[in-house]
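Protein chains in written order, with the numbering used here: chain A, 1 to 280; chain B, 1 to 220.
It is worth saying that the hints were derived from the structure and are not from the lab. Misleading hints may appear alongside valid ones.
Straight-line C-alpha distance at most 20 Å; calculated EDC-like pairs for lysine to aspartate or glutamate [claimed, not checked]:
| id | chain 1 | residue 1 | chain 2 | residue 2 |
| --- | --- | --- | --- | --- |
| 1 | A | K64 | A | D41 |
| 2 | A | K173 | B | E107 |
| 3 | A | K162 | A | D194 |
| 4 | A | K256 | A | D241 |
| 5 | A | K173 | B | E27 |
| 6 | A | K91 | B | E107 |
| 7 | A | K91 | A | E101 |
| 8 | A | K64 | A | E101 |
| 9 | A | K91 | B | D214 |
| 10 | A | K220 | A | E159 |
| 11 | A | K238 | A | E261 |
| 12 | A | K162 | A | E224 |
None of the values given here were measured: they were computed from a predicted structure.
Listed below are the residues making up each chain.
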Amino acid sequence: MVAMEPMVPPTGEMKERLQDAAKRLEPMMEQVSEFIVRTRDVRKVYQMGKVEVEALRGVTLDIKRGEYISIMGPSGSGKSTLFNMIGGLDKPTSGSVYINEVDLAQLDAYELAWLRCRTIGYIFQTFNLIPVMTALENVTLPMIFAGVPEDERQDRGMELLKRVGLAERWNHKPTELSGGQQQRVAIARALANDPAIILADEPTGNLDLKTGREIIQLLKELNEEKGVTIISATHDLKMLDVSDRVIWIRDGRIAKIEEREKIRLEAALAVEEELVEGAE
Amino acid sequence: MTRRSNATVFGLSREEIRRQIQLPWSEAFRISWRYVTIRLGRSLVTASTVFLSVAFLMAIFTMVLAAKAAGQELDAPTRARYLWSVLMGFLICSVGIINALLMSVTERFREIGTMKCLGALDEFIVRMFLIEAALMGLFGSIAGALAGALIMLLWSGFRVGFGVVGKLAWGFRSADGSLGFLGCLLVSIMAGTILSVVSAIIPALRAARLQAADALRTEI
Chain A
1 MVAMEPMVPP TGEMKERLQD AAKRLEPMME QVSEFIVRTR DVRKVYQMGK
51 VEVEALRGVT LDIKRGEYIS IMGPSGSGKS TLFNMIGGLD KPTSGSVYIN
101 EVDLAQLDAY ELAWLRCRTI GYIFQTFNLI PVMTALENVT LPMIFAGVPE
151 DERQDRGMEL LKRVGLAERW NHKPTELSGG QQQRVAIARA LANDPAIILA
201 DEPTGNLDLK TGREIIQLLK ELNEEKGVTI ISATHDLKML DVSDRVIWIR
251 DGRIAKIEER EKIRLEAALA VEEELVEGAE
Chain B
1 MTRRSNATVF GLSREEIRRQ IQLPWSEAFR ISWRYVTIRL GRSLVTASTV
51 FLSVAFLMAI FTMVLAAKAA GQELDAPTRA RYLWSVLMGF LICSVGIINA
101 LLMSVTERFR EIGTMKCLGA LDEFIVRMFL IEAALMGLFG SIAGALAGAL
151 IMLLWSGFRV GFGVVGKLAW GFRSADGSLG FLGCLLVSIM AGTILSVVSA
201 IIPALRAARL QAADALRTEI
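Work out the full structure: start from the sequences and follow the hints.
This is how it looks when you write it as structure tokens:
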């Protein structure tokens with residue numbers, strides 16, 4: 001126990017340790033920026049035999065920390081390509097993608113793996129759970145890669161399963177779970193290492209209406225509780241309701257970006273118009 | 001574009017980032033064990049190729065030992081011919097393993113891509129595949145060695161009389177310094193396991209080259 005003493009400027013060893021700590025925190029300070037994902041004029045060209053296909057023609061985006069973003073667009077619009085760029089799953093032909101102000105193109109294999117393990121959580125249309133592992137093991141797999149010890153893994157894993165409502169099914173394999181349950185395990189897995197971003201590729205694509213709504217609701221709750229940024233590439237119009245902003249992609253370019261209030265307002269005005277026309 | 005080596009990323013130095021991504025061998029073993037035991041049918045295809053080759057090898061060993069015990073030592077050219085057959089058998093077995101494991105990699109493209117999305121390094125994937133191959137090779141070899149020895153012992157017994165079996169050099173080494181029965185058993189099992197692991201290198205490297213984006217692919 002240290003006796004209470006009047007405040008004295010630190011000297012000697014203490015001073016050195018404080019200076020070291022300050023030096024270590026400095027670079028972290030630069031990273032707490034408002035924008036968690038930024039893209040700058042991202043272009044992607046695919047070579048299909050002799051033909052060149054321009055999947056993305058210069059996309060520039062800023063996504064704020066804690067936002068719930070939906071990227072919407074028809075098939076072939078470049079939606080999935082953009083999703084891959086943001087998630088570090090593919091490299092742009094030109095332009096840059098920054099996560100936490102770090103240019104993804106400059107990362108080596110280790111740093112990319114670290115990013116995927118701790119900063120980003122992925123959710124897929126096909127759930128992509130490992131079939132030979134139980135729900136709990138699936139959820140704790142990213143924790144293994146992050147070096148979390150076994151006891152802590154079990155505890156955190158069970159907590160996450162409890163949060164998504166699947167605590168009693170911790171021992172079940174994916175084949176013993178319904179689609180909606182599998183997706184919830186996948187969401188728990190995406191949250192394993194407390195990431196800053198969740199990337200969801202058509203999360204409700206393989207689910208029925210009711211289950212899809214539950215999943216969207218769960219994602220919105222997590223977005224509000226934990227402040228995790230959610231970026232979803234989707235067809236599902238049910239997502240419009242919960243998104244802070246909707247980015248419409250068409251032909252490899254951003255067609256428009258809508259804010260939620262504006263979407264709500266326009267939807268309400270459209271309904272109103274219909275009612276008015278009906279009455280006339 | 002490269003960064004200066006003392007630059008930090010996400011607030012950590014390069015060394016720290018490297019240290020924070022890991023797959024302990026015990027965990028890799030646990031995952032591989034799951035794959036082998038749960039996808040048993042698939043595992044048996046690989047294991048049975050090893051089983052057959054090792055059974056063949058052990059049968060030859062046992063025959064040589066039995067011949068020695070019966071006083072009818074095999075001459076060098078005969079032994080050389082048998083050795084040649086065994087080597088051919090192992091080669092065919094190797095091709096079979098490579099084929100079976102490449103198929104397995106193709107089937108599992110989505111899982112491998114997903115693991116990369118969760119933060120797995122290429123070497124983790126290789127590690128998992130090699131451990132799986134080692135397990136299948138080990139089990140196939142043990143079963144094969146025992147089966148091959150048993151069959152040859154029975155056959156020699158019926159042919160030359162079971163008294164021969166009693167005079168066999170059972171230990172690790174026989175009287176004249178060459179391998180005894182247990183020694184042959186050990187060598188066969190090791191040979192089969194090593195063969196399995198070496199054959200798995202090509203499929204494992206193929207698996208490691210899959211990209212994280214493959215988790216999103218809809219066809220193979």
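Evaluated hints:
no., hint, result
1, K64/A to D41/A, "18 Å, holds"
2, K173/A to E107/B, "18 Å, holds"
3, K162/A to D194/A, "15 Å, holds"
4, K256/A to D241/A, "17 Å, holds"
5, K173/A to E27/B, "18 Å, holds"
6, K91/A to E107/B, "26 Å, violated"
7, K91/A to E101/A, "16 Å, holds"
8, K64/A to E101/A, "12 Å, holds"
9, K91/A to D214/B, "14 Å, holds"
10, K220/A to E159/A, "18 Å, holds"
11, K238/A to E261/A, "15 Å, holds"
12, K162/A to E224/A, "18 Å, holds"
In terms of the numbered hints stated before, the structure departs from hint 6 and from no other.
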